[in-house]
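> For reference, the chains in residue letters:
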Amino acid sequence: MNIFLFKLTVWGALAYTAVLESIRRKDLWVAAILAVVMIGAASVIGHFGVRGLEMFLKDVTLTVVNILSVILAVLFAARQMPEEISRRTIYPLLARPVTRFDLIFGKFLGALTLSTISLLTFTVIGWGALLYFGLGVGAIFWQYLLLRFFSLAIICALTIALSLFLTPQATATMALLLAIGSSTFSTAVTMLHGSVGSAVRKGLEVAYFTLPQLDLFDLSKKVSYGWKPISGTTVLLLLIYAVVHSAIFLMVGAIRFRRQAL
Amino acid sequence: MRMFVVVLPLLITGGLLLNHRLAQIVKPDLAAPVGMTKAQQTKLEEVAAASLFGQFRSNMADFLWMKVDKYLHSGVDLRGLTEEEKRHQQTQRIGHAGDESEKGHRQHATETTIVLAKENDWRGVLGDIERDVKPYLDMRNHSHRDPKEALPLFRLMTWSNPHFIPGYAVGAMMIAHQEKAFDEAIRFIREGEINNPESIEIQSTFSYLYMRASYFNGKDNYAEAVRHAERGIHIARARDPETLIADEREAWQECVRRRVIGYREMKQPYKARQAALEGLTDFPEDVTCRKYLESVGEPLPKGTSGVTLLKTQNGTD
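Protein sequence lines, in the order shown, are assigned to chains H and F.
Numbered per my numbering, the first sequence spans residues 1 to 262.
Numbered per my numbering, the second sequence spans residues 1 to 317.
Hints should not be assumed to be uniformly reliable.
[To be verified] Derived Cβ-Cβ restraints for the label pairs, each shown as a range:
1. H:F165 to F:E119: 37 to 45 Å
2. H:T63 to F:L244: 33 to 41 Å
3. F:D138 to H:R25: 50 to 58 Å
It should be emphasised that the hints constitute simulated quantities derived from the structure, not laboratory data.
Just so you know, even glycine gets a beta-carbon here, dropped at the ideal spot from N, CA and C.
Can you make the complete structure from the sequences, with help from the hints?
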């Protein structure tokens, strides 16, 4: 029990440091600037009036929230480990009773916290703009928010793992490709599946089940088109899916980091 | 952090206040604007900046067109069938609950949903999750949402690209299906005509709207329907048939049919017969023209066009 509490304290402290560091670097100002751009866009739409454009407005708002939150999550996570190494601040950290996995997990929690703050900032602005225009979003909106949080966990874990193999620039590029191209990949696999030979088909199936299907965490279309909330079982299954994928990526990262000469 | 906490709410409040003020002073303008003249269009094409902006406008119109389609299907994404899927009968094909093409909805028998149907899905529980998370419906016998909410998108797409003819044609048909919206539909399609004076589809839509108003609203607009159908046929015949796209050919055939029906309804059997014979020269198997000739006791043998009869009648054989 004491060990568990100690680990929690370590992870919490590392996450807090990551958030603090990001605030000192004014990273969150990126979110603030993008939020102001969102408000400006809402004002422009206000010019034309929104009667009859409710569905379109919700769709655009949630798409913007999705894209901005993913980009910021990748950028936050991609710099966590390489900066500790390049600034050599990793040595005093590892000189304490902190394992390399603790460091990765703490950084993951920090990146996830920052990403969640950004997501909430964008969501509050998007939601506020929609409410201002008199547009309700329904109970499914909260499920949308929860699923976005799950997907950010996978994205942060994936990016941190990639950052231990690749340069920061390559990490950001690869992670963004995987995150934003997830929907296209999923559609391509389901389309190609019936029309290729059995060997390629197996390859496609392996790729589909191995790579994280982040598209499964996107409820924005259902919110926009006014659908009812999804079942609790699906939310639970998606939570398990997110936890398993995040754990796998963090473990891969930890294995790589353990063998890495500093 | 303190700066962030203080400044961000201030910026948000400022933005909302600005928004509120703008909403007060700017009147929403959703009425149909007057279209560009030919000279204005040519001028636009010759200006480099306008040309570049034109690319954006076209993309925007296409984007909105896809949004309309999604909206009408409650957000369910559709895609064309692959060659492999066309060969397999078990692939879920899209079908309508009734004949909804009459209301401007397109047919999509060669399409399926992007999210796989359960019976074709190999992904197990992930497939079930996707069907729950994404907008998904069994589309084999589907109907469409009321297009009322999608109408402003037609307005936006034709503003964005005044040469986007499907936007005008389908938009006008959908407006016409709203209550007491005939005049609005005519205004909309007239704007399309000003921007696209040589469009066969727009003339065909005009003839459809006038004919529909005559049929359902008791207005006697058959003469107008025939006038626009004839204009559509005239435009089509002046074009090289090889350059006509499928939509234009379809619109041409619709014009031919409506011309026959228009004359029939105006009790001008001679002109209706003439229109049917002329129509068969362009579309030898057209059912409407053939049925009309049958109804007046002049059936043509299958595979025969109206040319022979026309020549005989005009003494040019």
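> 50 to 58 Å was suggested as the range; check whether the CB atoms of F:D138 and H:R25 agree with it.
holds (51 Å)
> The hint says 37 to 45 Å between H:F165 and F:E119; measuring C-beta to C-beta, is that right?
Given about 41 Å between the Cβ atoms, the range holds.
> With 33 to 41 Å as the target window, see if H:T63 and F:L244 comply at their CB atoms.
Cβ of H:T63 to Cβ of F:L244: about 37 Å, so the range 33 to 41 Å holds.
The structure agrees with every numbered hint stated previously.
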